[in-house]
Amino acid sequence: MMSKNFVDVYLSGDAALSDVDNWVEAWHLSSTELSLDAFLGLTPEEGKVFAEHPEQLHAILRSRTN
Numbered sequence: 073m074m075s076k077n078f079v080d081v082y083l084s085g086d087a088a089l090s091d092v093d094n095w096v097e098a099w100h101l102s103s104t105e106l107s108l109d110a111f112l113g114l115t116p117e118e119g120k121v122f123a124e125h126p127e128q129l130h131a132i133l134r135s136r137t138n
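Count along the sequence shown starting at 1, add 72, and that's the number in this note's numbering.
I should point out that these hints are in silico values taken from the structure, not numbers from a laboratory.
One should not assume that every hint holds.
[What the hints assert, rightly or not] With a straight-line Cα cutoff of 20 Å, these simulated SDA-like cross-link-like pairs (lysine to any residue) come out: (1) Lys76 x Ser102; (2) Lys76 x Leu101; (3) Lys120 x Arg134; (4) Lys76 x Gly113; (5) Lys76 x Val92; (6) Lys76 x Leu108.
The model shown is predicted, which means the values in this text are computed figures rather than measured ones.
Using the sequences and the hints, build the whole thing.
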């Protein structure tokens, strides 16, 4: 079974938006072959928006609940 990603944990209420920094750091320190997008649970398109405009993460995650 695959472990949960940031998006899953955030949407379940078990992480704060600011926790994404810890997830990014964990990705940098890991030996995973996953892209950062996949590691966080973002689509490639969402990942591009997040990389260029990190302040849009809340809007990206809010769109997942609508």
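ask   = Are Lys120 and Arg134 close enough, with their CA atoms no more than 20 Å apart?
value = The given pair, whose Cα atoms are some 17 Å apart, holds under the 20 Å limit.
query = Does the structure keep Lys76 and Gly113 at a Cα separation of 20 Å or less?
reply = Roughly 8 Å separates the two Cα atoms, so the pair holds.
inquiry  = For Lys76 and Ser102, compute the direct alpha-carbon distance and say whether it is at most 20 Å.
reply    = 15 Å, holds
inquiry  = Would the hint linking Lys76 and Val92 be met if the CA-CA limit is 20 Å?
reply    = 13 Å, holds
request  = Sort out whether Leu108 lies within 20 Å of Lys76, counting only the CA atoms.
outcome  = 14 Å, holds
key: Pairwise hint evaluation, Leu101 against Lys76, where the allowed Cα distance is 20 Å at most   = 17 Å, holds
In terms of the numbered hints stated before, the structure departs from none.
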